[in-house]
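Line by line, the protein sequences give chains P and B. Numbers 1 to 306, taken from full-length UniProt numbering, label the letters of the first sequence in order. Numbers 1 to 306, taken from full-length UniProt numbering, label the letters of the second sequence in order.
Check the hints yourself; a few may be wrong.
No copy is singled out in the list; a pair is fine if it fits within one copy or between any two copies.
Restricting the straight-line Cα-Cα distance to at most 20 Å, the calculated cross-link-like pairs of lysine to any residue (SDA-like) are [unchecked claim]:
id, residue 1, residue 2
1, Lys27, Gln169
2, Lys174, Thr212
3, Lys174, Asp55
4, Lys27, Gly254
5, Lys27, Phe139
6, Lys163, Thr59
7, Lys92, Ala262
8, Lys246, Gly272
9, Lys174, Val29
10, Lys246, Thr257
11, Lys174, Ser214
I should point out that these hints are in silico values taken from the structure, not numbers from a laboratory. Just so we're clear, the structure is a prediction, and the values are computed from it rather than from any experiment.
2 protein chains.
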Amino acid sequence: MSTEALFGQVTLIGIGLIGSSIARALKGVKLADRVVAADLSPGVIARVTELGIADEATTDLAAAVRQADLVICCVPVGAMGLVAEVIGPHLKPGCIVSDVGSTKGSIVAQMAPHMPAGVHLIPAHPVAGTEHSGPDSGFAALFQDRWCIITPVPGSDQAAVDKLAAFWQALGSKTEVMAPDHHDLVLAITSHVPHLIAYNIVGTASDLEQVTESEVIKFSAGGFRDFTRIAASDPTMWRDVFLHNKEAVLEVLGRFTEDLIALQRNIRWGQGDQLFDLFTRTRAIRRSIIDQRQDTADPDFGRGRK
Amino acid sequence: MSTEALFGQVTLIGIGLIGSSIARALKGVKLADRVVAADLSPGVIARVTELGIADEATTDLAAAVRQADLVICCVPVGAMGLVAEVIGPHLKPGCIVSDVGSTKGSIVAQMAPHMPAGVHLIPAHPVAGTEHSGPDSGFAALFQDRWCIITPVPGSDQAAVDKLAAFWQALGSKTEVMAPDHHDLVLAITSHVPHLIAYNIVGTASDLEQVTESEVIKFSAGGFRDFTRIAASDPTMWRDVFLHNKEAVLEVLGRFTEDLIALQRNIRWGQGDQLFDLFTRTRAIRRSIIDQRQDTADPDFGRGRK
Chain P
1 MSTEALFGQV TLIGIGLIGS SIARALKGVK LADRVVAADL SPGVIARVTE
51 LGIADEATTD LAAAVRQADL VICCVPVGAM GLVAEVIGPH LKPGCIVSDV
101 GSTKGSIVAQ MAPHMPAGVH LIPAHPVAGT EHSGPDSGFA ALFQDRWCII
151 TPVPGSDQAA VDKLAAFWQA LGSKTEVMAP DHHDLVLAIT SHVPHLIAYN
201 IVGTASDLEQ VTESEVIKFS AGGFRDFTRI AASDPTMWRD VFLHNKEAVL
251 EVLGRFTEDL IALQRNIRWG QGDQLFDLFT RTRAIRRSII DQRQDTADPD
301 FGRGRK
Chain B
1 MSTEALFGQV TLIGIGLIGS SIARALKGVK LADRVVAADL SPGVIARVTE
51 LGIADEATTD LAAAVRQADL VICCVPVGAM GLVAEVIGPH LKPGCIVSDV
101 GSTKGSIVAQ MAPHMPAGVH LIPAHPVAGT EHSGPDSGFA ALFQDRWCII
151 TPVPGSDQAA VDKLAAFWQA LGSKTEVMAP DHHDLVLAIT SHVPHLIAYN
201 IVGTASDLEQ VTESEVIKFS AGGFRDFTRI AASDPTMWRD VFLHNKEAVL
251 EVLGRFTEDL IALQRNIRWG QGDQLFDLFT RTRAIRRSII DQRQDTADPD
301 FGRGRK
């Protein structure tokens, strides 16, 4: 075993977009002596073996975690409790158990009861992804320049938190520590409600009787197509997110709808100044996002121009 | 004068993203013997002259249209009536007057009264654009593979409609003929309401007291940043769109809100199957859009990976 690697064995459970991206990213850095990929699907494990992105690939979750110093659960939020229950009895003392889920309060509630004494549960969320799913869709640069939010729980060991932060930083991410509940509210506005309204507008469009689906598709470059990318994200993952971050999503959604009704009223009454003021204000936020390298400055995301 | 060009003189009025893209595209095809760029802003005209994207550039709209065989008005929807009033008396018989506005019913109502006998008013809308504005932001390939919707009015000369269609096809677009009212409904769902909800979510995010603007920006890669691109579009243009397509926007917005309230209820009552069904259905629409080359298949729009 190298004395330089941060971890001896890292085990990834669930090898989809995120799990396979971590596996790929680990090939380029000296973070783990050994990477084990585990997934309940034999098809996924066969593919991971073909891709050669892990030192070992198995459907046996218990066996996969026994020697692990870090376990990262990359399954849909709704499956985290089951995974914790399966692996809990097989974890070795000192192991750090983390995840990549988009909700944090629910994950703490699901996983903590199954963690044996001496194991460090430290949930985390790399805010990165694409609309594609599965082990073929991952890529090593996914976490570059993105933020990973770490949400320790009361009693979390600081050295373990620091080690997990160092892990994500080595994959190219910036890290921030936050309470689980605050994470869930922040992500409700920066991710969950945006996904919900994207799914919703695509649904509304396909249900309109006066406009054909063919017309919706043809003329989608007017803006609609942007929403279809987000609305092509993994259905299981996103169903779970909404069911497991209910309170924060409903809170932010209430604000969104209230603001939208006000805009609707501005339009009905021809109040152009209010519209203009909002449309000017929103431009500034885009500029800040680009300045902080969270998006490209290329027009139209640089789409189709390579 | 060449005998091969479709038009002798083409005059573009309003040299922003769209006007300057047409001017640039005209350099690569043999469509006009002479391209005149007109804009009321001396600053814009000075820049157009520097860029060298037109044969002549002037702030004098009347002079610009006198010899024109095709005039394309590329100004915000709310300014079309004024432009028509200014240029109307100076148009020569047989001239085709068109536009690129995102609403069509209102434009017909604004422009038709100012068109002298013998002039062909044929509104059109190239469904293409980016979030950037001004003469520097245009590029020749903007219309490639995009649809241009032509909305003739009762009595429109078929030969003139065909000629305008040939013009847009030569710029790389596909064309479709549609009634103005139907256009306005189709665009309400494929463009106008998507823009409104993008502006709205960005506004909601910046108004939340519990989440800082810094957090919204940092964690925007979770989905929010996609909306900020659309919400960075030209405020004047979009204010005018909403004021001039009020009926269709309010109709589609009513549907959107109704559907969103139903989703909100699904979340509140934990109805995961309904969420999953919608999230699966919306994926299919994305695939059709990609199959019909209206968007890139690259994950995340190919963003940042060139």
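Hints, verified against the model:
| no. | hint | in the structure |
| --- | --- | --- |
| 1 | Lys27 to Gln169 | within (15 Å within a copy, 49 Å between copies) |
| 2 | Lys174 to Thr212 | between (45 Å within a copy, 18 Å between copies) |
| 3 | Lys174 to Asp55 | neither (27 Å within a copy, 51 Å between copies) |
| 4 | Lys27 to Gly254 | neither (44 Å within a copy, 51 Å between copies) |
| 5 | Lys27 to Phe139 | within (11 Å within a copy, 40 Å between copies) |
| 6 | Lys163 to Thr59 | neither (27 Å within a copy, 64 Å between copies) |
| 7 | Lys92 to Ala262 | neither (55 Å within a copy, 46 Å between copies) |
| 8 | Lys246 to Gly272 | between (35 Å within a copy, 12 Å between copies) |
| 9 | Lys174 to Val29 | within (16 Å within a copy, 48 Å between copies) |
| 10 | Lys246 to Thr257 | both (16 Å within a copy, 19 Å between copies) |
| 11 | Lys174 to Ser214 | between (43 Å within a copy, 14 Å between copies) |
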